[in-house]
Structure formats: C-alpha cells, structure tokens
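Enquirer: Sequence:
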Amino acid sequence: MSVETEKYCTVLIHYEKGVPPTSEELAKKLESKKESIQAEALEELILLMINGESYPKLLMTIIRFVVTSRDHRVKKLLQIYWEIVEKTKDNGDLKEEMILVCNALRNDLMHANEYVCGSTLRLLCKMKYYRILEPLKEAVLRNLGHRHSYVRRNAVMCVFSIVKSFGVEVLPEAPEDIEQLLLVEGDLSTKRNAFLMLVNCDQERAIKYVLSLQDQVSSMGDIFQLAVLELVRKVCRSTSVNKGRFLRIVFDLASSSSTAVSYECASSLVSLSSSPVAIHQAAQAYVQLLTEQSDNNVKLIVLDRLRDVQKHHKQVMEGMVMDIFRALSCPSLDVRKKARAFSCSFRALGYI
Numbered sequence: 001m002s003v004e005t006e007k008y009c010t011v012l013i014h015y016e017k018g019v020p021p022t023s024e025e026l027a028k029k030l031e032s033k034k035e036s037i038q039a040e041a042l043e044e045l046i047l048l049m050i051n052g053e054s055y056p057k058l059l060m061t062i063i064r065f066v067v068t069s070r071d072h073r074v075k076k077l078l079q080i081y082w083e084i085v086e087k088t089k090d091n092g093d094l095k096e097e098m099i100l101v102c103n104a105l106r107n108d109l110m111h112a113n114e115y116v117c118g119s120t121l122r123l124l125c126k127m128k129y130y131r132i133l134e135p136l137k138e139a140v141l142r143n144l145g146h147r148h149s150y151v152r153r154n155a156v157m158c159v160f161s162i163v164k165s166f167g168v169e170v171l172p173e174a175p176e177d178i179e180q181l182l183l184v185e186g187d188l189s190t191k192r193n194a195f196l197m198l199v200n201c202d203q204e205r206a207i208k209y210v211l212s213l214q215d216q217v218s219s220m221g222d223i224f225q226l227a228v229l230e231l232v233r234k235v236c237r238s239t240s241v242n243k244g245r246f247l248r249i250v251f252d253l254a255s256s257s258s259t260a261v262s263y264e265c266a267s268s269l270v271s272l273s274s275s276p277v278a279i280h281q282a283a284q285a286y287v288q289l290l291t292e293q294s295d296n297n298v299k300l301i302v303l304d305r306l307r308d309v310q311k312h313h314k315q316v317m318e319g320m321v322m323d324i325f326r327a328l329s330c331p332s333l334d335v336r337k338k339a340r341a342f343s344c345s346f347r348a349l350g351y352i
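This note's numbering applies: residue 1 is where the sequence shown begins, and numbers increase by one.
No lab work stands behind these hints, which were simulated from the structure alone.
Mixed in with the good hints there might be a few duds.
Stated by the list, open to error - Pairs of lysine to aspartate or glutamate, EDC-like flavour, derived with a Cα cap of 16 Å:
(1) Lys57 - Glu35
(2) Lys337 - Asp304
(3) Lys76 - Glu114
(4) Lys76 - Glu24
(5) Lys243 - Glu230
(6) Lys57 - Glu24
(7) Lys164 - Glu134
(8) Lys126 - Glu97
As the list claims (entries may be wrong) - Now the in silico label distances, taken between C-beta atoms and shown as ranges:
(9) Arg336 - Thr239: 21 to 29 Å
(10) Thr291 - Ser212: 30 to 38 Å
(11) Ile50 - Met322: 53 to 61 Å
Just so we're clear, the structure is a prediction, and the values are computed from it rather than from any experiment.
Here a beta-carbon is modelled for each residue, glycine too, at the ideal position from N, C-alpha and C.
Take these sequences, add in the hints, and give me the full structure.
Expert: Written as structure tokens, this is what we have:
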C-alpha cells in the first residue's frame, strides 16, 4: 500500500487570487441555500486550494451543506474538490471526515444519472488511498453490469486502476467479472478496456479469450485489434506456445483498412517471425501504406521500415521495386530524397 504516500498533481489552473477570502467568508457562501452561490464558492475554493491556499476547516462544512446538492454543476465541482482536498492528517492517518466522503461517493456510484455515476468512477481512478476505495469496491464492481456503456467503460477502468495500484488480491473476483463482461459487451471501447485489463492482470484469461474468437478478431474494430496485437507481441516474445495461432491472427489483420492496425501487424510479423511468408506479408503491408497514405510522416516512417526489411531479407524485396518507385512522385522533397536513396540501393543489389 506504499502507493498511498505518493502525491500527484492532477489539476493545475492559474488564478489571480489577490487577497484570499477567510474560511468564514467561504463557509457563509457554502452554507447558502442557493445552489448557484454554493457553486461559485466551491469554484473559488478549488482555485485557491490549487494555488496553495489551505482551508482544512471547510471540509466538514462542505460535507454538511454541499454534498446533498442535486445540482449537476455543484456535483462536478465536488468531484474536483474530492480530488485535491488533503485526505490525511499530518501523521498519515485518514481523516475521520473521509468516512462521510466515502458515503457520499457510494451514493454517487449508485446514482440514477449515468453521468454522475460514470464521472464518480473516473474520479476513483485517480484515488490512491485504499482506505477510501475499500468500502466502495462492491459498488464499483456492480457498475460493470450497468445499462449504460459510459458507466461500464469507467467501471472497467476503475477496477483496472485499483488492481494495478494495490494488486489483484484486493479484488480477487475482478478478472472473472471482467471476463464475463467481455463475453457480452457490445460497446467497442468498453470491450477494449476490459481486454487490456485482462492482458495486464490475468494474461491467461486474455489468451484464452482471444483464441476462442480467433476467426472473429478481424471484424471487431481497430481499437480492439490493436489491443490484441499488444497481447500477441507480449506472449510470443516469452513463449512459443500457440505462436502459430497468434501469427494467424496477425496475418488476418495485416490487410486491415486501418492504418494503425496494418502498420502494427507488419511490425509484429517482422519482429516475431523470420519466415519468408511472414516477412513478405509485412513488406506488402508496408508498401500498401507507402502507396495509399497521403501523410508524408507515415511515408517516411514506412520507408525506414522497408529499408530495415531489405537489410535482413533482401530476397523479399525483389518483387516490390516498382511499388517503391511510386514514392518518387510524392510532392514532399523529404519523401522523394529517401525514396531515391532507397532506389539506389536496389540498383547496387542488382534488382534493376
């Protein structure tokens, strides 16, 4: 739990504070029955605290008079306040008031409004105090089954953050819950987040899941495919078990319409296999990017990758000489220079 001693600057806003108001002046506004006045006071307090002022006495005032507000602006400001407020005493013990804050956060996790619920989960991703998170674990896990994808997506990231910071032991049921979510999830972003959590926290489950839908990966969206490629590289570099099945997935994705997926597939094939078939597939993917992409930075990067392929696998490039020559018609001088140098190397090798 040593992570609790670390402090992060997550919010920084410049503020011309002049003469800062006293705690009593701010407390009077926070105790107002008008939510607009509460919001103004809370915003002023946040800006002052971010810029170094300390108002420890106002924590209880906010818990008593502001937490119960249903105004969405007040709730948004409260979440920023919970993020920046000092949560421990000088000796490192959690302040007693934070128990009441936990109750408020639990209520927001069960709120009927999906934005309040989802944004609270986002807030908890930044919390590095297990003593605050511990009583909220059940509510967080329950949101994995929320009807709204925004909430599920943030619930996955919250679970991932807790496990990453404090170990899977604090949420032993999390990998299984995430796996069950993967099987039924329809939102692509949520699915990607859930899969990445398994990749980092329970790799065996992630491998099992990918292999169970090997023939479906090519139709599952580019952001999910990139996550699969991350797993493939990680696994294939450490073990040869199932390497053939994983490379089959990479082959299937190499002709993807997504530039990022196609590039990552080519890079994966070159780094994971020395097979002429794999290298040829990678070179074809690079050439396709070179000829079809209009971004000159992409062309320059791809030319560098093709040059690397040529250095180690000269014979593979023989049939692609004319495709490389197309880059000579590019309007960019840098691309033409690099393509010309590449073309000269073909002549030196006797390809032309």
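Enquirer: Now, for every hint given, state plainly whether the structure supports it.
Expert: Verification of the supplied hints:
Of the pairs offered as hints, the one joining Lys57 and Glu35 is violated, with about 20 Å between alpha carbons and a cut-off of 16 Å exceeded. Distance hint between Lys337 and Asp304 is fulfilled; the C-alpha atoms sit about 12 Å from each other, no more than 16 Å. Under the criterion of a C-alpha separation no larger than 16 Å, the hint pairing Lys76 with Glu114 is consistent with the structure, at around 13 Å. Between the alpha carbons of Lys76 and Glu24 the distance comes to roughly 23 Å, so the proposed pair goes past 16 Å and is violated.
Between Lys243 and Glu230 the CA atoms are separated by roughly 14 Å; this keeps the pair inside 16 Å, and the hint holds. Annotation: proposed proximity of Lys57 to Glu24 holds, straight-line Cα distance about 9 Å (limit 16 Å). Simply put, Lys164 and Glu134 have alpha-carbon atoms about 14 Å apart, close enough for the 16 Å limit, and the pair holds. At roughly 19 Å between alpha-carbon atoms, Lys126 and Glu97 are farther apart than 16 Å, so this suggested pair is violated.
For the pair Arg336 and Thr239, the supplied restraint of 21 to 29 Å is violated, since their beta-carbon distance comes to about 44 Å. Between Thr291 and Ser212 the CB atoms are about 36 Å apart, so this pair conforms to the stated range of 30 to 38 Å. Between Ile50 and Met322 the CB atoms are about 60 Å apart, so this pair conforms to the stated range of 53 to 61 Å.
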